[in-house]
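Okay, here's what each chain looks like letter by letter:
Number of protein chains: 2
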Amino acid sequence: MTVDTATVLAGPPAAAALIASAAGQAAHLPVVPHLVIVRVGEDPASVSYVRGKAKKAGDSGLRSTVHALSETTPQSDLLSLVASLNSDPDVHGILVQLPLPGHIAEAAVLAAIDPDKDVDGLHPMNIGQLWSGRPTLAPCTPAGVMALLAHYGIPVAGRRVVIVGRSQLVGRPLAGLFLAADATVTVTHSRTRDLGTVTREADILVAAVGRAHLITPDMVRPGAVVIDVGINRVVGEDGKARLTGDVHPDVATVASALTPVPGGVGPMTVAQLLANTVQAARQQLSQTSGVPGDLVR
Amino acid sequence: MTVDTATVLAGPPAAAALIASAAGQAAHLPVVPHLVIVRVGEDPASVSYVRGKAKKAGDSGLRSTVHALSETTPQSDLLSLVASLNSDPDVHGILVQLPLPGHIAEAAVLAAIDPDKDVDGLHPMNIGQLWSGRPTLAPCTPAGVMALLAHYGIPVAGRRVVIVGRSQLVGRPLAGLFLAADATVTVTHSRTRDLGTVTREADILVAAVGRAHLITPDMVRPGAVVIDVGINRVVGEDGKARLTGDVHPDVATVASALTPVPGGVGPMTVAQLLANTVQAARQQLSQTSGVPGDLVR
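Just so you know, the protein sequences line up as chains A and B, in that order.
58 is the number that this note's numbering gives to position 58 of the first sequence; each next residue is one higher, with no gaps.
39 is the number that this note's numbering gives to position 39 of the second sequence; each next residue is one higher, with no gaps.
Hint data in this document are derived by calculation from the structure and do not stem from the laboratory.
The C-beta atom is built at its ideal place from N, Cα and C for all residues, glycine as well.
Among the hints, erroneous ones may be present.
As the list claims (entries may be wrong) - So the derived list for chain A, only partly shown, Cβ under 8 angstroms to chain B, looks like this:
1. Pro124
2. Gly128
3. Pro155
4. Gly158
5. Asp182
6. Thr184
7. Val185
8. Thr186
9. Val187
10. Thr188
11. Arg191
Required output: the full structure, derived from the provided sequences and hints.
This is the structure we're talking about:
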């Protein structure tokens, strides 16, 4: 008896295609799109993520600047910096790396970013535009998931999508994007009863909770496409830490296609950030100089 | 053999309770909350709705003003009026009755209303706040549905909710409110395959499409609670027009509880508008005079 194994939906080729498309658009602009990343404190994961984003921006022909502020930076100083970036015409995209230290109100900072420069897509205006089905800068991870599915030619319209997790960053906006793409969308969370019954209804199952191996093979309809957004640091029997997703590896014997962790959705998030930066630059340049810009994907 | 019949979830008592609560809050304010309704053109349904809203506001002890503009009003004139209402401290709530004539861009008008005075809850900022789970003025019909369920003591947390229809005014924001209330939420629409299979999963089924009698008894799980948001004008065999919902009357033999049409969700929409007006007034007065205001429901 042979065990079927799911097709691997690798992130890097899809991310490379997304970046190539964005870089191609950037090449037609009169200036190099400029992404500014603001980091507060020295959280090791944040330091690593910010470094990766800035490097990828440079490799892709974009300009990037990182402002690294101390852990004790007052909220007012951060807001002042954001205000100055908002008014600087040489800055096209602003990303404040989350999480912020506990003394800073994240919502206040996100809402202070000019929505037109909000390449993280987390400003309430942009979330509102997303749910209104209007052109918008969409949050990077959800938009990256949609780009990954498109890259691999996986149809979404009319299919049942179940999202496990209702976070502001992933679950909720992803539901809005799938709905705009004509999927029948269900959102589940910690209060959902009999989770397996719900997840088995999915043609496309997305796990975005942050609990290692929450999704087991019995929770997956045979042939479903499974997208694993989780990135969990677990310590193996050998005592070594490694990254693993929200989906148990054995799901590969049930699913028709599955994203790996790492190397699945993660690269898409960074690629989408760069695509959003180019999109923001195009839009800002079209407002000031008449260069065609179009926020519609 | 007896046929069980669903409990009728009548709107008027729930609406009266919501209005009484809002009026009680308004009585503690130093001014009478003032709702301004703007209507453009003479669409008979709009004329009737606006008249009903203004009358209910007056009956409830609120102040209301109606601006009735001609069908040919330029968009710039409408935007000027909105701007003057935004800056008028004596105006606490602004409602522009939809639909607007075809030469006016609804999205531009809705986005021009001060989000703090947007008692219809349709400004992108307020939609964004709704989906961020933060305090907000929520759209009246969706918030009215939640208030109706609360009035009748129907639990929402952990239950499966299926919403038929993904409109900006009802389906989408209602999904956000149910999700914030810990329901497991599915949104269906015209592209959903095998709609009956999905609707039968619902503990609470909401029909908000605008198609008379779309939901038939075979599409409802026995014992489900059914909320009928549809208001459809149909002509009977006697040649007379009457109002009917999206839910077939025979669903009453399957459901445990059902809202009538008319007299179900409709009165809740108007009641929620008044509650939003009081909420907006409290918030604005707390910003200017220190009167306690709290947008959290």
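A quick look at each hint next to the structure:
no.: 1; hint: Pro124; verdict: holds, 3 angstroms
no.: 2; hint: Gly128; verdict: holds, 3 angstroms
no.: 3; hint: Pro155; verdict: violated, 11 angstroms
no.: 4; hint: Gly158; verdict: holds, 5 angstroms
no.: 5; hint: Asp182; verdict: holds, 4 angstroms
no.: 6; hint: Thr184; verdict: holds, 4 angstroms
no.: 7; hint: Val185; verdict: holds, 5 angstroms
no.: 8; hint: Thr186; verdict: holds, 4 angstroms
no.: 9; hint: Val187; verdict: holds, 5 angstroms
no.: 10; hint: Thr188; verdict: holds, 5 angstroms
no.: 11; hint: Arg191; verdict: holds, 4 angstroms
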